[in-house]
Structure formats: C-alpha cells, structure tokens
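Protein sequence lines, in the order shown, are assigned to chains A and B. If you read the first sequence in my numbering, its first letter stands for residue 1, the second for the next number, and so on. If you read the second sequence in my numbering, its first letter stands for residue 1, the second for the next number, and so on.
Because the hints were derived from the structure by calculation, they are not lab data. All C-beta atoms, glycine included, are put in the ideal place defined by N, C-alpha and C. Treat the hints with care, since some could be wrong.
[Said to hold, decoys possible] Simulated crosslink set (EDC-like; lysine to aspartate or glutamate; CA at most 16 Å straight-line):
1) 467/A / 170/B
2) 368/A / 116/B
3) 368/A / 113/B
4) 151/B / 287/A
[Said to hold, decoys possible] Calculated Cβ distances over 10 Å to all of chain A for the following chain B residues:
5) 58
6) 123
7) 146
8) 153
9) 175
10) 180
11) 184
12) 252
13) 264
14) 269
15) 279
16) 290
17) 298
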Amino acid sequence: MTLIVSESPDRANAPGRRKRDRRRSSLTAHGEPMVWLTGGSLALCVAMIVGLLGLVLYQGLGTFWPQEIVRLEAADGRVLLGAISSRSSYIPEESLLASLPPEQATLLREAMGDPSDPQPIERLLVRSENYELTGSHYNWIDRPLVVSEERPTWALCLERTEKGRFYGLPVAFLVDGEVVEEGPEATWKRFGEQHPAVRRRYLEYRRLEKRDLGHVNADMEEARLYLRSVALSKGEGSAAWLDAKAKFDAREEINRARAAEIQGRIDELKGANAAFALRMRTGDDREVDIPLERIVRAVPANQLSLAGKLRVYGSRWREFLTDDPREANSEGGVWPAIFGTLLMTLLMTLMVVPLGVIAALYLHEYAKQGFIVSLVRIAVNNLAGVPSIVFGVFGLGFFCYIIGSSIDEFFFSARLPNPTYGKGGILWASLTLALLTLPVVIVATEEALAAVPNSMREGSYACGATKWQTIRRIILPRAQPGIMTGAILAIARGAGEVAPLMLVGAVKLAPDLPLDLGRFPYLFPERSFMHLGFHIYDLGFQSQNSEAAKPMVYTTTLLLIAIVVALNLSAIWIRARLRRRFRAAR
Amino acid sequence: MTEIEKEKVILPHQAARQGAGDQAVTQSGHTSAKIGGLFEAISEGRPFQSVLHPELASQEPVVEVEGFNLWYGSTQALHDITFSVPKGRVTALIGPSGCGKSTLLRSVNRMNDLIDSVSIEGSMSLSGDPIYGRSVDVIELRKRIGMVFQKPNPFPMSIFENVIYSLRIDGVRDRGLLNQVCEESLRGAGLWDEVKDRLKSSALALSGGQQQRLCIARAIAAEPEVLLLDEPCSALDPIATGKVEDLIEDLKGTYSVLMVTHNMQQASRVSDNTAFMYLGRLVEYGPTDQVFLGPRLKETEDYVTGRFG
Ligand SMILES: Nc1ncnc2c1ncn2[C@@H]1O[C@H](COP(=O)(O)OP(=O)(O)OP(=O)(O)O)[C@@H](O)[C@H]1O
Ligand SMILES: [Mg+2]
Numbered sequence: 001m002t003l004i005v006s007e008s009p010d011r012a013n014a015p016g017r018r019k020r021d022r023r024r025s026s027l028t029a030h031g032e033p034m035v036w037l038t039g040g041s042l043a044l045c046v047a048m049i050v051g052l053l054g055l056v057l058y059q060g061l062g063t064f065w066p067q068e069i070v071r072l073e074a075a076d077g078r079v080l081l082g083a084i085s086s087r088s089s090y091i092p093e094e095s096l097l098a099s100l101p102p103e104q105a106t107l108l109r110e111a112m113g114d115p116s117d118p119q120p121i122e123r124l125l126v127r128s129e130n131y132e133l134t135g136s137h138y139n140w141i142d143r144p145l146v147v148s149e150e151r152p153t154w155a156l157c158l159e160r161t162e163k164g165r166f167y168g169l170p171v172a173f174l175v176d177g178e179v180v181e182e183g184p185e186a187t188w189k190r191f192g193e194q195h196p197a198v199r200r201r202y203l204e205y206r207r208l209e210k211r212d213l214g215h216v217n218a219d220m221e222e223a224r225l226y227l228r229s230v231a232l233s234k235g236e237g238s239a240a241w242l243d244a245k246a247k248f249d250a251r252e253e254i255n256r257a258r259a260a261e262i263q264g265r266i267d268e269l270k271g272a273n274a275a276f277a278l279r280m281r282t283g284d285d286r287e288v289d290i291p292l293e294r295i296v297r298a299v300p301a302n303q304l305s306l307a308g309k310l311r312v313y314g315s316r317w318r319e320f321l322t323d324d325p326r327e328a329n330s331e332g333g334v335w336p337a338i339f340g341t342l343l344m345t346l347l348m349t350l351m352v353v354p355l356g357v358i359a360a361l362y363l364h365e366y367a368k369q370g371f372i373v374s375l376v377r378i379a380v381n382n383l384a385g386v387p388s389i390v391f392g393v394f395g396l397g398f399f400c401y402i403i404g405s406s407i408d409e410f411f412f413s414a415r416l417p418n419p420t421y422g423k424g425g426i427l428w429a430s431l432t433l434a435l436l437t438l439p440v441v442i443v444a445t446e447e448a449l450a451a452v453p454n455s456m457r458e459g460s461y462a463c464g465a466t467k468w469q470t471i472r473r474i475i476l477p478r479a480q481p482g483i484m485t486g487a488i489l490a491i492a493r494g495a496g497e498v499a500p501l502m503l504v505g506a507v508k509l510a511p512d513l514p515l516d517l518g519r520f521p522y523l524f525p526e527r528s529f530m531h532l533g534f535h536i537y538d539l540g541f542q543s544q545n546s547e548a549a550k551p552m553v554y555t556t557t558l559l560l561i562a563i564v565v566a567l568n569l570s571a572i573w574i575r576a577r578l579r580r581r582f583r584a585a586r
Numbered sequence: 001m002t003e004i005e006k007e008k009v010i011l012p013h014q015a016a017r018q019g020a021g022d023q024a025v026t027q028s029g030h031t032s033a034k035i036g037g038l039f040e041a042i043s044e045g046r047p048f049q050s051v052l053h054p055e056l057a058s059q060e061p062v063v064e065v066e067g068f069n070l071w072y073g074s075t076q077a078l079h080d081i082t083f084s085v086p087k088g089r090v091t092a093l094i095g096p097s098g099c100g101k102s103t104l105l106r107s108v109n110r111m112n113d114l115i116d117s118v119s120i121e122g123s124m125s126l127s128g129d130p131i132y133g134r135s136v137d138v139i140e141l142r143k144r145i146g147m148v149f150q151k152p153n154p155f156p157m158s159i160f161e162n163v164i165y166s167l168r169i170d171g172v173r174d175r176g177l178l179n180q181v182c183e184e185s186l187r188g189a190g191l192w193d194e195v196k197d198r199l200k201s202s203a204l205a206l207s208g209g210q211q212q213r214l215c216i217a218r219a220i221a222a223e224p225e226v227l228l229l230d231e232p233c234s235a236l237d238p239i240a241t242g243k244v245e246d247l248i249e250d251l252k253g254t255y256s257v258l259m260v261t262h263n264m265q266q267a268s269r270v271s272d273n274t275a276f277m278y279l280g281r282l283v284e285y286g287p288t289d290q291v292f293l294g295p296r297l298k299e300t301e302d303y304v305t306g307r308f309g
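Whenever a hint applies, use it, and build me the whole structure from the sequences.
This is how it looks when you write it as structure tokens:
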C-alpha cells in the first residue's frame, strides 16, 4: 500500500506524463469552427429551399386574386381599361425620346429630371385584353404619360371561353338581338339571373358533344376496324365478311340514329343559349355584343367586398383544379394534367415497387455474394446517374417503337398505319419512369433487407421454414418500412420528372383522359396524357400569350409541389403505421 | 473404477505431460504449469482420445455423432467429435469461449449450411436417420429439431403467430388445432398465465425473459425429437434464468435437450450429462455428478471448479 501511495505523485511529475501544452493544438481540435461550418451549410440549404418555396407560394397563390380594374388615359391618346399586372422602371434612350412626339418627350424628360443624372421612369404593364379589337393582350404605358386614372365602378372583367378576357362596362342585356335591359345596374342584375342557366346548358351540350358523341364515334370506329380485320384475315367478299358487313351495317344504323338524337339535343341547347348576349363598352367607347354562353365568369372587380373577392378566388381555384384547360392552356383548369400525373405515378409505383423489391430480394437473399453480384450492384447504382432524357430516348426506342409496334402488328393490325401502342402513351411513360426509379427502390430495399437481423432468419430456418417462407413471413414484413421509404423516394423522383415524358407520351393537350368509366375497358394505357411538369414547361416556354401564362406557371408549379408533398405524406403515413408494429423492438 | 479404466483414462494425460516436457512449462510459465499438459497437447494438435464415461453407453441415444470434423474455410473448428445425446435427458455442453460449442450445436440442425465457407467430415444421425447426406431433406430435418438461441429472437408478429409458426409454415389451417397447440406450448414454456390475455399483441413487447420462454414455446410447438439450447439464459436476469431452468427441468423426460452453458451451477443443476469441450475437441463426457464431483481428468476438474482461465 505505502509503495503505491508514494509512487503516484512521482508518476504525475515524471516528464513523460506531463500534461501537454493545450495552446499548440490545431484549430480543428477545438471543434467550434466545424459547428459553424456545418451549421452555416445547413442554414444555406434551408435558405435556398425556403426561398424557392416562398417564391412559388407567393407568386402561385396570388394568381387568382381578383385585381382592380383601372382606366388609364395616356397623352398619346390611348385609353387602357384593365388590370395592372406588373410595374418596372427604365431609363429611356435618347433615340427613343427623339422619336416621340414633342409633348410626350417633354413629359418624359420632366419626369427624368436632371439630364446628367437621369432618374428612371416607371412604366406599367396593363392587362387590357379585348384581343379581337386591339390585337394585343398586354400594353406597356409610361407612368408620366398617364393623364387620367380612374377606377370605374361598373368595370367588368369577363373571362371567356375563347379569345382571352374582356374588360369593359356593361351597357345592355340583349335577348334575341333586342335590348331588354339598359344601364349597368339593371344589366348586371339580369346577367346574374340568366348566366347560371346559360352556363349549365353550355356545359351540358359540351358534355354531350365530347362524351356521348365521342362514345358513339368510338363505337363506330370499333365496328369499322372489326370489319377491316375480318376483311384482312378472311378476304373481302367472303362469307364471314358478308356476315360481318351485315352486322356492321346494323350497328352503323343504330349509331347514326343515336348520333342524330344526341345532335338534336345539342342543337336544342345551343338554340336556347344563342338568344342571350351582353353588350359591353370598352375603355375607348366601342360597343361589343358578347354571347352569354361564351362568358365563364364576370367579375365586377372594383365593387367586390373582401368576401366577394374570396368567392371569386375560390371559384377560380375550383375551376383550376377541376376543369379542362382553355386558351392554349393559359386559362381554365389543369384537371387532365393532375389526373395524368397521378395516374402515371400510380402506374409507375405499381410497376417499380414489385420489380425493384423482387430484384433486391434476389440480390440480397438468393444470389451468392461475389464478384458478379457486386458488379450488378454497381451497375444498378450507376443507372441512377444516367441523365433522365436518356431514359426517355430508350423508352421511345424500346417501348414505343419496338414493343409497341409489335403489339400493334399482332393485335391492332386493322388500325395500321395509325399506331395504337406504337407511339407515346401513359403505359410507356410509366414504364420508362419505372426504369428510371428502379435503382432507388432496389438500393432502399437492399438496405432494408440488410437491416433485418440475422437472428430472425436463423430462428425461422431453425423452425424448418424454407427460404421463401422465411422471406415472405419474416423478412418482408420486417423490411416493409424500408421498402416504403424506397417507394416514397421513387414517387418523389417520378412525379417531378419531365424530360423523358416529352418523348414517351406527355402532350400539351390530350383530347381524352386515359381513364373513361363510360367505355370498356375503362383504362386506356395507350393514350397520351397531360402531365403537370410538362404543362409547366409548355406554359412557360411554348405559350403565345406568355404574360398571361406566367402566373399560371407558378400556380401549376405550386400545385405539382403540393401533389408530390401529398403523395409523400400519404406514403410516410403508411410507413409510420407499419413501423408502429416494430416499435417495441427498439 | 477398475484398474484398466484408470489406466485408459490417465494415459493421454500422462502422454501429454511427457510430450510437453519441461520446455513448455518454462516457456508459458505459471498457467501452463498449473493446468498441466493436456491442453497444451490439444493446442499443439497432437492426437488425443476423448474420455467417455461408460455409464452413458447404456442410455438410448437420440443424436449420435461419429468422428465429426468441421472447418470454417481452412480453420478447423471441430476435431473428431464422437458422442451421443441420450433420449429424454438434458445434456450440457461446457467449455471455454470459442471452443466450438455453438458450432457443434448448430451442426446438429445444419444451421451451418447457411455459412458458405463451412465444410464437414464425419457423420451424425437423429434417431438413426443420417443428418448429413445427399438425400437428406434439410427442411424436414429441421422440423424434427427445435432450437433456441442465445439472444431471444421472437418474430415481428403476434405472440400467437410466433408460437404456431412451425404449424403455419406447414400450412395447418385448423383453428382449433392451432389454438390448442398454442396453449399447450405456452403452458409447456411456463408463459401461458402471463400472456393468455394478449395473444394477439406483438411478441416484441414482451420482456427479455418472456421472449426467451416464447422462443422455447415456439421450439416445442413442433414437438421436436431433440431441443437445442444455445446459452438460453445468458441474456436474462437471475429470476428469468430461474424460470427457464425450472422449465428445462420440466421438459426433462418429454424432450431430449442438448444445451450450451457457461454457468457451471446451471449445468450441474439441470443437466443429467455433461460434455466438456476444449479447442474444438471433446475432452470428457459423462454423467453430470461424476463430471463435477469426480472427473477423470485433472483438466476437467480445473475447469468445473473455476481454477482454469
Ligand atoms: N462464421 C464463422 N466463420 C469463421 N469462423 C467461425 C465462425 N463462427 C465461429 N467461428 C470460429 O469457430 C470457433 C468456435 O466458435 P463457436 O462459436 O462454436 O464457439 P463457442 O464455444 O460457442 O464460444 P462461446 O462460448 O463464446 O459462444 C471459434 O474460434 C470461432 O472464431
Ligand atoms: Mg456460442
């Protein structure tokens, strides 16, 4: 004991044991700089994400808010009635000033102040529309040139089914060309009474045209194709053909009658609508009669209370979410695109998850680990780095042109040379994206399988279970949350992908949804479809009325993000439910 | 003990002593001098004969092991093991860590097949049927053998489903039979009273001791011919250990049990026979009271009294 006690202070003082000088240690040893570095990086990431989301939210949510209508009279004689959609400022070039009439140039020069230090002048972008009269949707006007500005109480913004919006003041309500009401107030009142019924009739006959007549036409087309296929296989004039021809004639007869009946109803509805019109006066005092059925919505923007504005806002959102697009997609709704996105993502998930899980099962549970398996694994991981457009090219070449054409040849030869499956369609698009997201699912599933404790496998084998029984009863249930993670990642990746879709079936305007509950076989996987991502690209870069399309780009982006978030949340919710079962294990 | 037996027993002992000589003793010093030369002989790989007590020959065997060798890749983990597990009794495997107890146990139900690098030589049989062989159906074989692991490994499903797992994989659908087997097995494992009200809840919510007894219930639900227990109490507290020991006591007679344990008291309390292994070899095997109270080898005595290692 004594020895040990006397020894310890000795040791502490020994030269080798002396505490090292702390001040000489390196910067990283203190840890603090790393906290700042990591924290700063995170803050940067968060700032970028929040910034992007903030921009999309701000711009996207504002699109449908009813804007005030102003009437601007300019020094150059123009009168603009419309909504101010944006403002900017610029310094006019000397040559521009020189080209203007003198009094206007003077106005601008005054606004600019000192020529050696010119102030920028403000200019307004006015959405004045009335395209059929003015030939333009938007007009710039320099603020200093505005000589009068007012907000006419009765100014109306009419959203029409075609030719864009119309800004003007209601003058009279017409029935069969006769003025029945005059003055804005009476006209507006009468409009409110008549418009809903007119609109209902309009939607009714549109539905008849599109759906009922469409079905009749499709049936006739089918009959014709059947006759043609009989002609191709048995020969024209053969007994079978004659039989088919007789049936075809009978069927055509029925369809003709049905078409005529539907057409009659359509004409009737159209006739009832044709009587009504609204006479409007534009900002520059021209009068125009607008058929009532062409008006989707009339907004007396300057009279609206907050509740009224909210109503308009809500109704525009509803239209956006549930209606077909109009005006080259820059107005109306995006329902077909929402539907196409969801259906394509669903089909993709249904294909990629089973395929990826089975592939991962083989890789992890069955294959003998070695060089070849490592090679396959590396190849799968690398697949995730291939540019998505390459998948599009592959999908077009392989699915559409090779597989699709073969299907056409064997099953739809009567329709050739028109391709059925031999072109882009929702099935091929889903398959292409399934291929694109396959690595994600495989990698996630393999990780989930690796996380299943070996003791569980051994326990199952020791009970006399076969490999497959062990996989099905023990490993897969246990790996399910991890597999769900893979599915979530695949959905997030697939729903937001655009580039490959442009090649394999997404179109700017699809006449029919790929799902038609009124016609067998209900799901039409060969049809092309609309997709929100492609819709955004189309609005932003292919639209003629690009100013009007811009806010829609943001709104559609917002919607796409919301859908991806919703898909993810639901998948996460399912995963959380699955996880609850295993919580006790941890 | 007759003179002849004594000689037979002491022979390898003495041979080892002589072979090891003074050199080994001085080299490795104190420990080696204390436990003697037999272990050294084994570690040097010299031929050596397991000591099997003759009393065992009269007991009817359920598992017979004959000249069994096992390699992990190129390292040999089991050397020429020959012994048999008697029917309806508890046989304990003891020995220092890494001596191959688990390996031997896992060889009986061919769990080592799951490891690619394993190769074997020699033979084993279960109630006369070969365990290793080309024509043996491993799945059927494993159904005749129950196994409980060191760490409880309940499956991520309900208690009920855990117990009847082996019936489920056989495709049994008869509800009445399943319920009956579940109750009998849980009673057999002494767990029935604790879980009878929550058979449908997750097995993962049970305590460690309950989980281990559940694993035993799962193993006996298939009515195996032999039950393999690999340190079944090492993850349990003394009370749970006591319960599992009582359970093994109860299983005696109905089941043939081969268990690995590090706990000498446990081995002496619950087992009928004890086998002592060292570095992949079976050193001494005999009735438990003889192995503990009057071992034939000094090395066994050193080990069971804790003077070794
Ligand atoms: N999968 C394996 N691959 C290679 N060697 C192994 C493997 N499993 C065990 N071994 C080796 O085989 C020998 C015996 O191991 P085993 O697990 O049977 O020992 P044990 O007696 O059960 O030990 P413990 O009491 O610690 O459980 C050890 O040397 C071990 O390193
Ligand atoms: Mg072990």
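Hint check:
1. About 14 Å separates the Cα atoms of residue 467/A and residue 170/B, which keeps this hinted pair within 16 Å; it holds.
2. For the hint linking residue 368/A to residue 116/B, the alpha-carbon distance of about 9 Å falls within 16 Å, and the restraint holds.
3. Annotation: proposed proximity of residue 368/A to residue 113/B holds, straight-line Cα distance about 13 Å (limit 16 Å).
4. Taken as a hint, the residue 151/B and residue 287/A pair is broken in the structure, with Cα atoms around 89 Å apart against an allowance of 16 Å.
5. Against chain A, the non-interface label of residue 58/B holds: every CB pair exceeds 10 Å, the least being about 31 Å.
6. The non-interface label for residue 123/B is consistent with chain A: the shortest C-beta to C-beta separation is roughly 21 Å, beyond 10 Å.
7. Residue placement check: residue 146/B does not keep its beta carbon more than 10 Å from all beta carbons of chain A (closest about 7 Å).
8. Look at residue 153/B: its CB is around 4 Å from the nearest CB on chain A, not clear of 10 Å, so calling it non-interface is violated.
9. With a least CB separation of 18 Å from chain A, residue 175/B remains clear of the 10 Å interface cut-off, as annotated.
10. With a closest Cβ-Cβ approach of about 18 Å to chain A, residue 180/B is found to remain outside the 10 Å limit, as its non-interface label requires.
11. No beta-carbon of chain A is positioned within 10 Å of the beta-carbon of residue 184/B; the least distance is around 17 Å.
12. The Cβ of residue 252/B sits about 21 Å from the closest Cβ of chain A, beyond the 10 Å cut-off, so the non-interface label holds.
13. The claim that residue 264/B is not at the interface with chain A holds, since no C-beta of that chain comes within 10 Å of its own (minimum 26 Å).
14. No beta-carbon of chain A comes within 10 Å of the beta-carbon of residue 269/B; the shortest separation is about 26 Å.
15. Remark: the non-interface label on residue 279/B is consistent with the geometry, its nearest Cβ contact in chain A lying 25 Å away (cut-off 10 Å).
16. The non-interface label for residue 290/B is consistent with chain A: the shortest C-beta to C-beta separation is roughly 32 Å, beyond 10 Å.
17. No beta-carbon of chain A is positioned within 10 Å of the beta-carbon of residue 298/B; the least distance is around 37 Å.
The structure does not agree with the numbered hints 4, 7, 8 stated previously, though it agrees with the rest.
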